[in-house]
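*Asks:* These protein sequence lines map, in sequence, to chains F and U.
Reminder that position 13 of the first sequence reads as 13 in our numbering, one-by-one numbering, no gaps.
Reminder that position 280 of the second sequence reads as 563 in our numbering, one-by-one numbering, no gaps.
Bear in mind the hints are in silico, worked out from the structure with no lab data behind them.
Worth double-checking, as some hints may not be accurate.
Within a straight-line C-alpha distance of at most 30 Å, the following computed DSS-like cross-link-like pairs (lysine-lysine) qualify [unchecked claim]:
{"hint": "1", "chain 1": "U", "residue 1": "K423", "chain 2": "F", "residue 2": "K43"}
{"hint": "2", "chain 1": "F", "residue 1": "K106", "chain 2": "U", "residue 2": "K572"}
{"hint": "3", "chain 1": "F", "residue 1": "K43", "chain 2": "F", "residue 2": "K72"}
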Amino acid sequence: MIGVVKMTQEKKKRSIPLTVLLTLVALGQLVPLVWLFDFSLAKSGDLFGSNMFILPDPPQWGNYAKAWINGKIPQYFVNSIIVNAVSIGLVAVFSVTMAYAFTRMKWKLSKPLLALVTIGIMVPIHATLLPNFLIFTRLKIADTYLGLILPYVAFGLPMGTFIMTGFMEGVPHSVEESAILDGCNTRQLIFRIIFPLVRPAIVTVIIMTYISTWNEFIMAATFVADDSLRTLPYAVYNFAGEYSADYAVQFAVMMLVALPSLLIYAFLSDRITAGVTEGALKG
Amino acid sequence: MHRVLSNKRAIFWMVFPGFAVFCFAVFIPLFYSVFLGMTDWRGYGEIHMVWAQNFSKILFHDPVFWISLKNALLLAVLTMLIQHPVALLFAYLIAKVGGKREKLFRTLFFVPCVISTVVTSRMWVAFLSPTYGLVNHFLKAVGLGFLQTDWLSNQRTAIYALIFVIMWQGFGWAMLIYYSGIKGLPKDIMEAAKVDGANRFNLLWHITLPLLRPVIVVNLTVALISSFKQMETIFLTTNGGPGNTTQFIANYLYTEAFSAQKYGYANAISVLFVVICILATVILNHSLKRDAIES
Numbered sequence: 001m002i003g004v005v006k007m008t009q010e011k012k013k014r015s016i017p018l019t020v021l022l023t024l025v026a027l028g029q030l031v032p033l034v035w036l037f038d039f040s041l042a043k044s045g046d047l048f049g050s051n052m053f054i055l056p057d058p059p060q061w062g063n064y065a066k067a068w069i070n071g072k073i074p075q076y077f078v079n080s081i082i083v084n085a086v087s088i089g090l091v092a093v094f095s096v097t098m099a100y101a102f103t104r105m106k107w108k109l110s111k112p113l114l115a116l117v118t119i120g121i122m123v124p125i126h127a128t129l130l131p132n133f134l135i136f137t138r139l140k141i142a143d144t145y146l147g148l149i150l151p152y153v154a155f156g157l158p159m160g161t162f163i164m165t166g167f168m169e170g171v172p173h174s175v176e177e178s179a180i181l182d183g184c185n186t187r188q189l190i191f192r193i194i195f196p197l198v199r200p201a202i203v204t205v206i207i208m209t210y211i212s213t214w215n216e217f218i219m220a221a222t223f224v225a226d227d228s229l230r231t232l233p234y235a236v237y238n239f240a241g242e243y244s245a246d247y248a249v250q251f252a253v254m255m256l257v258a259l260p261s262l263l264i265y266a267f268l269s270d271r272i273t274a275g276v277t278e279g280a281l282k283g
Numbered sequence: 284m285h286r287v288l289s290n291k292r293a294i295f296w297m298v299f300p301g302f303a304v305f306c307f308a309v310f311i312p313l314f315y316s317v318f319l320g321m322t323d324w325r326g327y328g329e330i331h332m333v334w335a336q337n338f339s340k341i342l343f344h345d346p347v348f349w350i351s352l353k354n355a356l357l358l359a360v361l362t363m364l365i366q367h368p369v370a371l372l373f374a375y376l377i378a379k380v381g382g383k384r385e386k387l388f389r390t391l392f393f394v395p396c397v398i399s400t401v402v403t404s405r406m407w408v409a410f411l412s413p414t415y416g417l418v419n420h421f422l423k424a425v426g427l428g429f430l431q432t433d434w435l436s437n438q439r440t441a442i443y444a445l446i447f448v449i450m451w452q453g454f455g456w457a458m459l460i461y462y463s464g465i466k467g468l469p470k471d472i473m474e475a476a477k478v479d480g481a482n483r484f485n486l487l488w489h490i491t492l493p494l495l496r497p498v499i500v501v502n503l504t505v506a507l508i509s510s511f512k513q514m515e516t517i518f519l520t521t522n523g524g525p526g527n528t529t530q531f532i533a534n535y536l537y538t539e540a541f542s543a544q545k546y547g548y549a550n551a552i553s554v555l556f557v558v559i560c561i562l563a564t565v566i567l568n569h570s571l572k573r574d575a576i577e578s
């Protein structure tokens with residue numbers, strides 16, 4: 001007993017230099033963000049002084065008010081929510097139904113279609129930008145929410161289906177078998193039995209899709225030209241062009257765009273960490 | 284039982300909607316790209332077939348295409364030689380800390396990965412700015428003012444500055460995957476080795492690293508493939524400049540498409556891009572499978 005206490009004490013002592021080292025490196029890694037925040041509260045001219053960091057006196061919260069209004073943050077934020085909620089929801093539902101049909105149900109095209117969807121993981125998004133731009137423009141779905149939702153779902157599905165099929169292979173058949181014997185039809189089977197069973201995998205799929213679609217920029221910049229439909233990441237790009245001399249306000253826009261992601265991460269960091277590692281190791 | 288699980292109508296409604304969206308936005312554009320890649324279309328007027336002309340021009344007479352590939356390879360090599368060993372080391376150190384601090388560090392190191400590339404890219408453009416960036420301020424403050432430069436516009440530094448930014452952004456991902464790999468290692472082997480008198484270095488070199496091999500292999504593969512797929516960070520920092528020295532294939536095709544309006548030519552690049560990505564993935568997976576069987 002005494003030995004154990006001693007050991008943990010020693011372990012604690014030993015880990016102090018380690019903690020210091022890790023703290024320094026973590027701070028070093030986050031310096032650009034700290035700097036960005038620092039000068040987002042300063043006057044634009046302060047950047048050209050010789051100080052690396054300053055104590056904004058008084059903090060220019062007005063920069064944020066300007067960023068909020070001129071950067072059209074509320075409008076872009078609402079667009080982001082709509083596009084992401086629909087995309088993530090559809091990816092979650094489709095990956096469960098598709099994975100179930102691919103792994104558990106018996107039909108001829110099951111294997112080839114699954115293979116086709118899995119190939120999708122390898123296809124780089126950027127190779128579809130130009131053809132999709134041309135197709136979307138022709139079909140008049142460029143400049144609509146659909147113009148973002150469709151490609152987001154399409155590129156979220158391969159990974160989602162992949163994670164889900166992997167998970168379903170580990171789910172025992174017994175529950176569904178008894179449900180079927182009890183007279184469940186397919187719809188009841190999927191929505192009442194399977195969805196609750198694969199909930200952990202659904203969380204992983206939602207997190208992976210969220211990380212890639214919430215921050216997605218290049219499709220949003222390519223397929224949407226109508227300012228009223230643009231999503232949050234575009235605000236930075238837009239603002240940098242329009243107010244290129246007002247650095248402090250630009251920095252405030254960047255902080256505001258990063259804020260929702262940071263908040264979500266702060267509240268769900270365990271889930272996100274778990275989801276990311278699971279998704280990444282399977283992919 | 285069989286009737287429920289092979290109900291054709293149910294299967295159709297379960298697979299069709301998702302599959303249709305997938306084909307519509309991933310597969311159909313690829314085929315359209317193959318077709319347009321064989322034309323000289325510039326977005327208006329009639330479409331003339333030029334067949335393989337674009338492809339042979341890209342492969343044999345387009346230095347920028349090869350610069351793009353070379354840059355992707357350089358990024359891949361530097362990522363593997365610098366980012367990954369450091370990420371692995373810090374994953375190991377964080378796993379050693381234990382308790383609340385472990386969670387804190389794990390969370391902090393991943394922060395750059397949850398923020399949009401637009402924010403981090405524009406942030407680095409500011410951070411490296413020749414007139415007001417902190418990097419140049421810092422160099423001056425510590426007496427290294429002669430090193431000051433316009434990092435992202437100087438021909439000699441731009442590609443390395445860009446690669447540094449990409450590594451910074453991706454560091455958390457690499458580290459987190461190593462970390463979870465380390466966390467998943469069987470504890471009893473470690474304990475046994477400790478009892479046998481293995482010191483910390485021996486433990487790391489002879490036990491931890493060999494056990495981590497599958498994770499390392501997967502992680503390096505992902506790194507290699509994603510080096511070829513880089514786009515946003517480049518588009519938002521150097522946009523391939525100065526003079527195409529920091530060009531990457533996805534950004535190159537985007538420029539050719541949307542700035543130069545060479546739809547035919549850009550589509551041909553797109554097609555080659557997809558072929559390269561799929562080939563790289565297939566070859567790597569294949570050799571990894573063999574590797575896994577042998578070891």
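*Asks:* Each hint should be assessed against the structure and marked as holding or not.
*Replies:* Against the structure, the hints:
1. K423/U with K43/F: holds (22 Å)
2. K106/F with K572/U: Roughly 29 Å separates the two Cα atoms, so the pair holds.
3. K43/F with K72/F: Satisfied, since the Cα-Cα distance of roughly 21 Å is no more than 30 Å.
The structure agrees with every numbered hint stated previously.
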